[in-house]
Structures are given as C-alpha cells and as structure tokens.
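Chemist: One-letter residues, chain by chain:
2 protein chains.
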Amino acid sequence: MATLYGVGVGPGDPELITLKALRLLEEVPVICAPRSREEGESLAGEVVTSLLGEKLQSKEFLLLHFPMTRDRKVLEEAWREAASQVVARLRQGKDVAFVTLGDPSFYSTFPYLRQAVLALAPETRVAVVPGVSSLSSCMALGGVWVQENERLAVIPVTGDFSSDTWLNEFDCLVFLKGGRHWKKLREFLAARGYLAQARLVERCSTPEEKVYPAAEVEKAPYLSQVIVHRSRF
Amino acid sequence: MATLYGVGVGPGDPELITLKALRLLEEVPVICAPRSREEGESLAGEVVTSLLGEKLQSKEFLLLHFPMTRDRKVLEEAWREAASQVVARLRQGKDVAFVTLGDPSFYSTFPYLRQAVLALAPETRVAVVPGVSSLSSCMALGGVWVQENERLAVIPVTGDFSSDTWLNEFDCLVFLKGGRHWKKLREFLAARGYLAQARLVERCSTPEEKVYPAAEVEKAPYLSQVIVHRSRF
Numbered sequence: 425m426a427t428l429y430g431v432g433v434g435p436g437d438p439e440l441i442t443l444k445a446l447r448l449l450e451e452v453p454v455i456c457a458p459r460s461r462e463e464g465e466s467l468a469g470e471v472v473t474s475l476l477g478e479k480l481q482s483k484e485f486l487l488l489h490f491p492m493t494r495d496r497k498v499l500e501e502a503w504r505e506a507a508s509q510v511v512a513r514l515r516q517g518k519d520v521a522f523v524t525l526g527d528p529s530f531y532s533t534f535p536y537l538r539q540a541v542l543a544l545a546p547e548t549r550v551a552v553v554p555g556v557s558s559l560s561s562c563m564a565l566g567g568v569w570v571q572e573n574e575r576l577a578v579i580p581v582t583g584d585f586s587s588d589t590w591l592n593e594f595d596c597l598v599f600l601k602g603g604r605h606w607k608k609l610r611e612f613l614a615a616r617g618y619l620a621q622a623r624l625v626e627r628c629s630t631p632e633e634k635v636y637p638a639a640e641v642e643k644a645p646y647l648s649q650v651i652v653h654r655s656r657f
Numbered sequence: 425m426a427t428l429y430g431v432g433v434g435p436g437d438p439e440l441i442t443l444k445a446l447r448l449l450e451e452v453p454v455i456c457a458p459r460s461r462e463e464g465e466s467l468a469g470e471v472v473t474s475l476l477g478e479k480l481q482s483k484e485f486l487l488l489h490f491p492m493t494r495d496r497k498v499l500e501e502a503w504r505e506a507a508s509q510v511v512a513r514l515r516q517g518k519d520v521a522f523v524t525l526g527d528p529s530f531y532s533t534f535p536y537l538r539q540a541v542l543a544l545a546p547e548t549r550v551a552v553v554p555g556v557s558s559l560s561s562c563m564a565l566g567g568v569w570v571q572e573n574e575r576l577a578v579i580p581v582t583g584d585f586s587s588d589t590w591l592n593e594f595d596c597l598v599f600l601k602g603g604r605h606w607k608k609l610r611e612f613l614a615a616r617g618y619l620a621q622a623r624l625v626e627r628c629s630t631p632e633e634k635v636y637p638a639a640e641v642e643k644a645p646y647l648s649q650v651i652v653h654r655s656r657f
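Protein sequences appear in the order of chains G and S.
Just so we're on the same page, the numbering used here is the position in the first sequence counted from 1, plus 424.
Just so we're on the same page, the numbering used here is the position in the second sequence counted from 1, plus 424.
Calculated from the structure, these hints are not laboratory results.
Mixed in with the good hints, there may be bad ones.
If chains are identical, the list can't say which one is meant, so a pair holds when it fits in one copy or spans any two.
[Unchecked claim] Here are the simulated lysine to any residue pairs, SDA-like style, with alpha carbons at most 20 Å apart:
hint : residue 1 : residue 2
1    : Lys444    : Leu476
2    : Lys444    : Glu633
3    : Lys479    : Leu467
4    : Lys518    : Val550
Let's have the full structure, built from the sequences with the hints guiding it.
Modeler: Written as structure tokens, this is what we have:
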C-alpha cells in the first residue's frame with residue numbers, strides 16, 4: 425500500500441511553501457486538492473499549479489469536492505466519494521499528496537479525508553507535512569507575536585466566542601473566520617474595552633492582504649482573522 | 425536605511441524552511457542567529473549552515489548572544505549589544521536577516537531583537553517571514569489536529585497552567601516547554617482525568633523525534649510539547 429500525504433502548501437503565497445512539500449509534490453504521481461464547488465477553483469490547487477507548471481502534465485491532478493454545507497449527510501457522502509478516489513490510487517501503489525492551504529493540522533480539510541480514507545482502507549500509511557499556517561502569516565503581517573509566558577487562544581467565531589474568562593486570562597486571542605460574524609465580535613470586544621487592542625487582517629498572503637485597526641472596520645471579508653493582544657497594540 | 429528581516433527557518437529539519445526564507449538568506453549580505461551561550465551553538469544557525477554551505481563565505485554570519493537568564497538587567501544589556509551590532513550593519517545599507525527556529529511570531533527571540541533595534545534606530549524597516557512553527561510540526565508528528573469550531577489554547581508551563589476553565593472550555597491544549605515542569609503538569613492532568621488524552625512530543629523535527637502517550641512518560645526533555653485533545657486521542 426502506498427502513502428497518503430497531507431501536505432501544507434502555506435497560506436497562499438506560493439513562496440511560502442517548504443522545500444519538503446515542494447519535493448513531495450514533484451515526486452508523487454497523484455496530487456489532490458480540495459474545492460468547495462464542483463466546478464469551482466481550489467486555492468491550494470492554484471499554488472500547486474503555479475509552482476509545478478508543466479511538471480503537472482506527467483501527474484494525475486484531481487480536484488476533490490468538499491462542499492460548504494452543514495448538512496452532515498451531504499458532507500459524509502462527499503468525504504466518502506473523495507476517499508474512494510484516493511484509495512483507488514493508493515491501491516495501485518501510487519503515493520497521493522493531498523494539498524491544503526496553510527497547515528494540515530490547523531482547521532484544514534485534510535482530517536476529513538484522512539478519516540474517510542482510513543474508514544475504507546485502515547491499513548493506509550498517513551504522513552503529515554506541516555506548513556506555514558494562516559495563524560503564523562497573519563501574526564507576521566499584523567505585527568504581533570507571543571513570547572515568554574504569554575498564553576495564546578485560537579477561537580473560531582463560528583462557535584461560541586464570547587467568554588470573558590478567555591479575554592481576561594489569555595494574552596493573545598486570535599479569532600478565525602472573523603469576517604463572518606464581525607459585527608457581533610466587534611460589539612463583544614467594544615463592550616469589554618478590547619476593541620483598541622484588536623487588529624483585523626484580511627486576505628493574508630495574497631496580493632490584496634491588509635491590516636486594519638479593528639475599530640476602523642465596519643465590514644470584513646469571510647477569511648479575515650481578528651487578533652487581540654492585551655499589551656502589544 | 426536597510427531592512428531587518430525576522431526569518432523563521434522552520435522547526436529544525438532544514439527541509440522545512442520555505443522558499444521565501446531560503447531566497448532571502450541567499451540574498452542578504454548579513455545573517456544573524458541567536459545562541460544562548462557565548463561560545464555555544466545556534467540551532468537556527470545550524471539550519472542556515474546546512475542549507476547555504478559554501479555560499480555563507482560571501483556573507484557576514486554573526487552569532488548573537490541571547491543568555492538564558494531571568495535577570496532582566498543582564499537580558500536587556502544583551503539585547504542592546506545584539507541590536508547595536510545589527511544597527512551598525514543596517515546603517516551601512518546592508519539588509520540583515522535574523523533567523524529563528526520555527527516562526528518569528530511564536531515564542532521566538534526575534535521580538536527582543538526587534539524592540540532593541542527599534543529603540544536604537546526607530547526608522548528601521550522590519551519585515552517578518554513566517555515559518556513552520558513548532559506547534560504545527562508537533563501536531564503533525566503527534567497525529568492531532570483542530571477543525572471546525574474547536575478552540576485551541578497554547579500555554580507555556582513556565583507560567584500558570586493549572587486552570588480548570590481552560591481544560592473544560594478548550595478542545596485542544598498545547599503546553600509548551602512541557603518537559604521543564606512535567607511532573608507538575610502530569611499530576612494536574614491526571615487529577616482531572618485528562619492524562620489519557622495527552623501526548624508528549626519530544627525533539628520534534630530532529631532525527632530523534634518521538635511521540636509518547638503522556639501517561640507513559642516519567643521524565644521529559646526541556647523542549648517537549650504536551651498536547652491534550654478532548655476527543656482526538
């Protein structure tokens with residue numbers, strides 16, 4: 425049986441891929457990338473295309489459908505379908521690299537594929553190649569960092585984010601998908617007096633990347649991150 | 425005035441550096457790396473040496489002293505001394521790359537140098553090149569990830585780490601420098617019934633890297649990370 429690699433290609437800028445990830449993509453016969461619409465594009469796939477160029481022609485390059493829905497049945501069917509395509513290649517003895525933006529361990533699509541592949545073929549060898557996460561790139565662009573004894577919390581705003589405890593006990597809080605519920609998050613931070621300590625980073629690691637003092641932002645795009653640091657801003 | 429780059433070289437394996445970091449190291453005339461003892465080695469410096477080899481001979485390669493002490497006066501004097509060496513090169517119009525293991529925003533030495541350089545030369549342009557953090561590489565090796573609405577907390581055990589709130593409200597907790605106070609951390613996790621959900625990752629991204637169920641570990645090396653995940657282990 426071949427190996428399934430979860431490969432982080434970095435936050436979007438193709439130059440932020442690692443040497444290891446690039447070597448693996450050059451070596452494997454099959455590369456898979458996720459896309460959220462059946463005929464849509466894949467951001468991770470675009471990074472691969474821009475890096476490998478014509479070298480892709482000697483490989484199989486599969487775009488796998490990972491729909492954006494909360495319907496668990498639709499999701500599980502899509503994961504199973506994606507996994508069956510991957511397992512077919514693995515069973516032919518072909519190593520498969522599944523690419524994700526950022527880092528495969530950090531809010532990526534890779535775990536869903538991994539679980540679905542292991543359900544179909546439990547003997548599969550899985551290896552993860554870490555990448556530069558969106559957390560690291562947003563902190564770099566936002567001009568913020570954590571050091572010494574500082575505690576860091578990462579909180580997707582698609583879940584509950586409004587705990588006073590976390591605001592008081594963590595030095596740095598990073599709210600993921602901050603654009604989606606920006607109005608509610610903004611109100612929460614403002615009510616606790618933390619809005620001035622917040623930066624909003626949008627489209628990080630793309631040519632349109634920007635950082636704003638969060639207090640100045642009325643509307644934010646979906647993939648924004650909001651970083652609050654008690655003493656850095 | 426030239427630019428000071430904070431360059432993350434990844435968690436230790438030279439192949440986990442990004443293309444961007446490698447390009448910058450090849451371009452700049454001055455590379456600096458931190459070491460904790462005056463005549464000691466620099467782990468980040470070793471990554472640079474193994475990647476650049478003979479190309480280093482055309483550059484200035486400075487090892488800067490960042491002592492391991494809690495004596496604030498000794499530390500500040502060391503930061504000032506390191507900064508004055510860097511500022512001298514910047515004032516000659518030479519770009520300087522300061523390399524750190526992992527990611528410059530994530531518990532690295534770069535912020536101390538940045539602050540000290542800006543104190544001496546406030547006009548300095550600073551840019552951060554994110555790297556693969558030890559967090560990403562330990563999660564990859566530990567076989568753990570965060571997804572969807574899961575909340576992640578990163579907690580250096582050199583500070584207070586014993587909050588029941590965090591254990592109950594975060595899905596994944598990563599304890600940094602877990603080796604240093606492993607006995608206390610182990611007792612804390614065991615008392616709350618979380619020891620079975622914990623993995624200890626040691627010497628991640630080196631040839632000696634290992635993962636253990638934390639319950640099996642009596643003594644742990646300094647740079648260990650302990651990862652607790654409510655539902656993944």
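Chemist: For each hint, tell me whether it holds in the structure or not.
Modeler: Against the structure, the hints:
{"no.": "1", "hint": "Lys444 <-> Leu476", "verdict": "both (14 Å within a copy, 16 Å between copies)"}
{"no.": "2", "hint": "Lys444 <-> Glu633", "verdict": "between (26 Å within a copy, 17 Å between copies)"}
{"no.": "3", "hint": "Lys479 <-> Leu467", "verdict": "within (19 Å within a copy, 35 Å between copies)"}
{"no.": "4", "hint": "Lys518 <-> Val550", "verdict": "within (13 Å within a copy, 45 Å between copies)"}
Of the hints listed earlier, there is not a single one the structure fails to meet.
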